[in-house]
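Colleague: Got chain A sorted already, so can you dock chain B onto it with the hints?
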Amino acid sequence: MCSITKEAVFDAISTVIDPEVGFNLVEMGLIYDAIIDENCNVHVIMTLSTQGCPLHQMITTWVKEAVERMEDVGEVEVEVVWEPAWNISMAHDNVKKALGGM
Amino acid sequence: MKAVSSDFAPPLRLISPFFSYGVIFYLLSMLALLFFEPTFSYAQMNVAGWVHLFLLGFVMMIIFGAMAQLIPVVLEAGHAVVDVYYVIFPLLLVGASLMVFGFWVMPAMLPYGGLLVLVAMIIFAVENIATLKKTTIRTLTVETVAWSNGYLLLGILTGFAIALGLSGDLGIDVTLMLKAHVYAVLGGYVVLTIIGLSLILIPMFSLAHGFEETAINRAFKLVITGVAIVFAGALFAQEWLMYIGYAVNTIGMFFYIWQIYIIAKLTVRKEMDIWAKSMIFAFGSLILSIVLGLVYFMSGKEGILHASVWFLLLGFISSMITGHLYKIVPFLVWFERFAPLVGKKKVPMLHEMYSKEGASMMFWFTVTGVVLGGLGLLFENDILFKGGASFLFAGAIFLFITMRKMLAYGK
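In order, the protein sequence lines correspond to chains A and B.
Numbered by our numbering, the letters in the first sequence go through residues 1 to 102 in order.
Numbered by our numbering, the letters in the second sequence go through residues 1 to 411 in order.
Do not rely on the hints blindly, as some may be mistaken.
Unchecked claim - Short derived list, chain A residues pointing at chain B, Cβ under 7 Å:
| hint | residue |
| --- | --- |
| 1 | 19 |
| 2 | 20 |
| 3 | 22 |
| 4 | 49 |
| 5 | 58 |
| 6 | 61 |
| 7 | 62 |
| 8 | 65 |
| 9 | 87 |
| 10 | 88 |
| 11 | 99 |
To be verified - Pair ranges (Cβ atoms, derived):
| hint | chain 1 | residue 1 | chain 2 | residue 2 | range |
| --- | --- | --- | --- | --- | --- |
| 12 | B | 341 | A | 14 | 17 to 25 Å |
| 13 | A | 81 | B | 176 | 34 to 42 Å |
| 14 | A | 79 | B | 271 | 27 to 35 Å |
Because the hints were derived from the structure by calculation, they are not lab data.
Note that the coordinates shown come from a computational prediction; the quantities given were computed from them, not determined experimentally.
Glycine is no exception: its CB is placed at the ideal position from the N, C-alpha and C atoms.
Next comes chain A alone, as it looks inside the complex (with noise of 0.2 Å):
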């Protein structure tokens, strides 16, 4: 039985910073779903503000990086959608007010 929890893996990735926009991806909204198994492997589905950033490959890896840092975690997979495509209201109410959306 695995303890790892999705908010724990959230938690990791929340330290991953977009360097444009200054915010962590889990704020931004950008972590759509962490899927844990009983082995621990978990299974990371994100998606990036936009489709052509130059970043894509790197912020994946720093994902990927973020979660394996996590104490007794498994295999780590990263993958990218983009259904549904990311608009600002799934970012935090802090991130709204900082970029003026609210």
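Modeller: Coordinates of chain B only, in the frame set by chain A:
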């Protein structure tokens, strides 16, 4: 999963000379403006020299550097041979310098400078076309890259013919060829490329999503068609055909502005950073340039045409480029020097990598300079024009300093 562009990103040392020297050419262009009068003819050699200093040395130099980075983003494929940019840079640098020297001092140098620029641009266009062949993606932006490169080749071939004509080596009608050359390069390459890139970059930096793209589709098609019609009209001396082309292009630009308005309405980021301010000024200048162009066709007054071209070059094109430099250059430097440190130590945010005060000074000096200089041309007033040129030169100094600091950040 979507293909990724960061794997294909060229190294900073390959791209940074284009930006460094592009900004130096911009500084020299603004300095040279101090020695011009607000009344002139486009056929004057010193005017042609300034236009090449600005368009080849600054605009093309920066666009080439930006394309080295952005082509993989747009095409989602690596460059066919990215190392050709090491060859393109010195050819363009020496070629543009020789051409300006030729226009200003020694016309016999024009074919030599022109030949170097021709070779640089052929290499650039061929490499782009080879890269295009690597991708199966056929978005409208990709199609635009293909068309703009075709126009670039036409523009540079007509330009080289003019260089031979001016030095007496080729018997051609220089005036007609000049119109074809200007339209192919400025409308067919520069404007089309800026439209294509802005459709990628503006939504990316403003975080605008889910917008309708009908207007930009029409804009692309109309500008591509309009440039072809004007080019044919100039080549075959059919003025009526050129007027049809101008009209088609103007409608195309209206659709482009409409598309930008749609994107602006959906913009998430409301912060007024140097990029956002530059975009507002750029599009305001573009609208003013089009309005002045229409007034010129009704009035026929040369000063209005000069002011229209001024706002297009120094208001729209310059601000689009300088505004984006404050986004692209910090990213390139960050990607090279700080990305490997993520997770290991604290890394700077992109907006921390340039002086806000320096950028702000650059912006306001430039805006004041463009407005004053435009009024100087409009009313053929030397004091206003010289005042505008002085402000532009001061703005260019701030651009130069902030650019040097950005490129040296974290070194």
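Colleague: Give a verdict on every hint.
Modeller: Hints, verified against the model:
1. 19: The hint holds - residue 19(A) has a Cβ within 7 Å of chain B, the shortest such distance being about 5 Å.
2. 20: This hint holds: residue 20(A) lies near chain B, its Cβ roughly 5 Å from the closest one there, short of 7 Å.
3. 22: Constraint on residue 22(A) satisfied, holds at 5 Å.
4. 49: With a minimum Cβ separation of about 6 Å from chain B (threshold 7 Å), the hint on residue 49(A) holds.
5. 58: holds (5 Å)
6. 61: violated (9 Å)
7. 62: holds (6 Å)
8. 65: Nearest chain B Cβ about 6 Å off; hint holds.
9. 87: holds (5 Å)
10. 88: With a closest approach of 4 Å, the residue 88(A) hint holds.
11. 99: holds (5 Å)
12. 341(B) - 14(A): 17 to 25 Å: Given a distance of about 19 Å, which is inside 17 to 25 Å, the answer is holds.
13. 81(A) - 176(B): 34 to 42 Å: violated (55 Å)
14. 79(A) - 271(B): 27 to 35 Å: holds (31 Å)
In this structure, the hints that do not hold are numbers 6 and 13, in rising order.
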